[in-house]
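Peer 1: Sequence:
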Amino acid sequence: MGADGDERETAQPGVGLTTGEVARRLGVAPTTVRTWDRRYGLGPDLRSDGRHRRWTVVDVARLERMCALTATGLPPAEAARIALGEGPLDTGPAGQAGPAPSRRPARGRTRSGTGLRLGDVRQECKGIARAALRLDGDALDELLTTVIEQYGLVTAWTEVIMPTLQAVGRKWESSGERYVEVEHLLSWHVSGALRRSTRPAAAARPGAATLLACVPGEYHTLPLEVLAAALAERGLPVHMFGGALPVESLIAAVRRTGPAVVGLWAQSRTTASTPLAQHVANLEWGVRGARRKPFVLTLGPGWAGRTVAGVPHPADLAAAVAAVQSQVRA
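Position in the sequence shown (first residue = 1) + 13 = the numbering used here.
What the hints contain is simulated information worked out from the structure, not anything from laboratory work. All C-beta atoms in this analysis are idealised placements derived from N, C-alpha and C, irrespective of residue type, glycine included. Treat each hint with caution, since some may be false.
[As the list claims (entries may be wrong)] Distance windows between CB atoms, simulated:
| hint | residue 1 | residue 2 | range |
| --- | --- | --- | --- |
| 1 | 266 | 328 | 23 to 31 Å |
| 2 | 158 | 322 | 36 to 44 Å |
| 3 | 299 | 150 | 42 to 50 Å |
| 4 | 158 | 264 | 35 to 43 Å |
| 5 | 158 | 329 | 21 to 29 Å |
| 6 | 97 | 257 | 47 to 55 Å |
| 7 | 260 | 136 | 38 to 46 Å |
| 8 | 318 | 260 | 21 to 29 Å |
| 9 | 288 | 148 | 39 to 47 Å |
Required output: the full structure, derived from the provided sequences and hints.
Peer 2: Given below as C-alpha cells:
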C-alpha cells in the first residue's frame, strides 16, 4: 500500500479491480473513490482477503454514473443517491416530494459521461476530461503525471493531452463561452505536469542548445512548453523564452546564447512573420573567423502554407524533436 493508501497490487483475473485501477479508469484520485465509498456507500461489497476493495463491472458502472452526474454540477450527495438508484428528491410547488428533472444529466453524452466529443481516443483522455469538468486539480495532477510517466512526453501529448484540450476547446466554443474555466484549469495543470516531469538538462554550451520562443504578439506557449520538456527529457539543453518575445530581445538572445537551433512558435497566421524567420536564420554568432548561423524551425499552425527558404516547418511534435536532435547531435 502506497503513502496515499492506494492498493498497488494488480487485481487477479475474475476477482475485480483495485481502487487504484478504478480511479485511473474514471479519472479521479483514489482518495475520491474511497471518500465516495465511506461517505455515500458507493463502495463494493467484495473484499479480497477481507481487507482490500475489489470492484466489479457493476460497481464501476455505478461510479461512472456518479462521475457523469457530478460533471453536470450536481452535488456529490445528490449524485450518489441517483447512482445508488434512490433518485433525487425535490420539493414541488405543492410541497410534495418528487423528481427534479432540471438536474437530470443531459442526454447524448459520451459513454465516458464527460459531455465532450472525444471520438476514438485512449481511455486516459476520458478520465482527464472528467477531472477537468469537475475542476478537480488534484486528480488532474495525478492523471497527467501518470500518463507522461507511462507513455513519455511525445506520445502523452499527441495521443492523450492534446485531444483532450481540443475537445474542451470545442466544448466552450459551441457553448457560448461556457467552460472557459475548464480549459484554463486544464492548461495550467498540463503546464505544471510538464515542469514536474522535466529533468535538468546538460549544461548549455554554444552550438549545442535550442532556443525556443513565441513570435511577437503570440502568447500561446503550451505547445512550446511541451517541446521544451520533450527535449529536456532527451538530455538536450533548452533556452525557453515563452510568449511574445520582442524582435530586439530575440536577436539579442540568439547572439548571446549561440544556439544550434531556434524554434519560433506562431499559433495564428496573423503573428507568423516570414521576414522575421528569415532574418533570424541569417543571424550570425560566435567569434570573428568562426561565425555560425542557427538552424531555424517554424513551429505551430500559424506558419502553415508559408515557405521560408532553408527553414523547415515540422508537421508535429515528434518531427520537431527529431529535427532538433539531428541538428544538435550533428
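Peer 1: For the hint 39 to 47 Å, verify it against the beta carbon of residue 288 and that of residue 148.
Peer 2: 43 Å, holds
Peer 1: Return holds or violated for the Cβ distance of residue 97 and residue 257 against the range 47 to 55 Å.
Peer 2: Check passed, 51 Å falls within 47 to 55 Å.
Peer 1: Taking the CB of residue 260 and the CB of residue 136, does the distance hold inside 38 to 46 Å?
Peer 2: 45 Å, holds
Peer 1: Just tell me: holds or violated, for the beta carbon distance of residue 299 and residue 150 against 42 to 50 Å?
Peer 2: 46 Å, holds
Peer 1: Assuming the hint says 21 to 29 Å, is it satisfied by the Cβ distance from residue 318 to residue 260 or not?
Peer 2: 23 Å, holds
Peer 1: Do the Cβ positions of residue 158 and residue 329 conform to the proposed distance bound of 21 to 29 Å?
Peer 2: 23 Å, holds
Peer 1: Within 23 to 31 Å or not, the Cβ separation of residue 266 and residue 328?
Peer 2: 26 Å, holds
Peer 1: With 36 to 44 Å as the target window, see if residue 158 and residue 322 comply at their CB atoms.
Peer 2: 42 Å, holds
Peer 1: Given the hint of 35 to 43 Å, check if residue 158 and residue 264 actually sit that far apart at their C-beta atoms.
Peer 2: 37 Å, holds
Consistency note: the structure conflicts with none of the earlier hints.
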